[in-house]
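Residue 188 in the working numbering sits at position 188 of the sequence shown; the count goes up by one each step and never skips.
A couple of the hints might just be wrong.
Stated by the list, open to error - In the BS3-like style, the derived pairs of lysine-lysine whose C-alpha atoms are separated by at most 27 Å in a straight line are:
1) K108 to K169
2) K230 to K126
3) K169 to K230
4) K152 to K230
5) K230 to K117
Said to hold, decoys possible - Here are the computed distance ranges between Cβ atoms for each label pair:
6) Y74 to K152: 26 to 36 Å
7) P309 to N237: 24 to 34 Å
8) M319 to G295: 33 to 43 Å
To be clear, the hints were calculated from the coordinates, so they are not data collected in a lab. Just so it is clear, CB atoms sit at the ideal spot from N, CA and C, and this is done for glycine as well.
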Amino acid sequence: MKQTLISSNNAFIVHQRLGFDQLSSQSTLTELLQSFPKRYNIVCYLTKSTSASTTAPTKTGIMTEYRKILLEGYPTVVERTGGNLIAGDGRQIAIDDAVHLAPVDPRKIICVHLNYKSRVDEFMTKLPLTPTFFQKPLTALNSHNANVVRPKRCQWLNFEGEIAIVIGKYCRNISQAEASDYIAGYTVANDFGIHDFRDTDAGSMLRVKGSDTLCPVGPALVTDWDFRNKQIRTLVNGELKQDGNTDEMEWDMHYLVADIARNITLEPGDILLSGTPANSRPVEPGDTVTVEVEGLGALTNTIVEGPTPIREDVGHQPMTTEEVISTAMGGDWEFRGIRAPKGPGSAHYKSTVEED
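I would like the entire structure built from these sequences, with the hints used as guidance.
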């Protein structure tokens with residue numbers, strides 16, 4: 001079987017994320033998989049290979065599902081047909097047997113802050129006049145069935161089920177009406193955040209949302225999908241936690257693309273996360289989190305504790321403050337008795353507060 005050599009840069013990324021010292025720049029994929037604990041799902045840390053296609057899928061007017069998997073050691077773009085994934089040369093594998101990679105290789109990961117009305121209501125706040133955005137580093141990118149790492153000494157890791165817009169061609173200064181021509185498709189995303197760092201980075205959320213592994217996307221890039229009136233749900237260990245609909249969005253997918261592209265060039269593969277509905281909450285190591293989007297599929301990840309703790313000799317330390325608790329708990333109604341939960345999905349969180 002062919003083996004992909006891991007570049008020195010990719011080897012460094014694996015080493016940096018997992019804290020292991022035994023790593024050669026000429027390690028093969030098989031050697032890496034055998035060298036590290038299986039629970040860390042090493043394959044999710046590999047960046048793209050020259051053997052993987054970087055061409056945006058062609059829109060046909062018919063919903064088509066593309067995935068990127070490891071096939072005989074190489075990242076390979078495949079198309080789903082029933083329960084099988086089929087490569088361009090005819091090779092195929094059952095979906096359940098496939099090792100998934102992120103379906104796209106972005107140069108930018110851009111996320112909108114508030115967009116779903118239920119989330120705004122939950123925080124008892126108001127939407128800004130126009131969307132506000134933040135970025136996740138590319139090293140946060142992760143994949144379906146991979147592990148999401150909560151660093152040691154951190155405890156406020158929240159899920160946020162979302163839909164990611166995938167850019168299909170260079171995009172700059174376009175109208176909302178033109179935006180669909182520049183969108184290759186959509187995929188499921190989970191905008192995880194470590195709120196222990198909420199009190200630092202002057203509101204940019206760089207370390208809250210940008211820590212390694214905190215942006216799983218997949219399992220598929222779906223073309224010709226209509227985002228209107230679609231259900232989006234998040235389940236933790238099979239229990240429903242978030243339950244929303246894209247019609248809650250104040251700004252739709254076309255608006256978000258046109259807004260960013262006014263002064264930032266979007267490139268093929270770039271992804272824009274479009275916001276989350278109410279009821280993002282903390283999860284623990286061992287929990288399994290699944291985001292389901294109607295027509296796009298289900299993205300599943302398992303939470304693990306990182307192998308190394310956050311260093312104590314430099315930088316802002318993980319904290320549990322009023323701001324951290326309030327944000328992680330969706331406005332802090334449970335902790336401080338501000339109000340009982342209400343709105344879509346609220347039934348999944350029992351409050352000790354009685355409504356007036």
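Honestly, which of those hints from before does the structure not fit? Hint 4 contradicted; others consistent.
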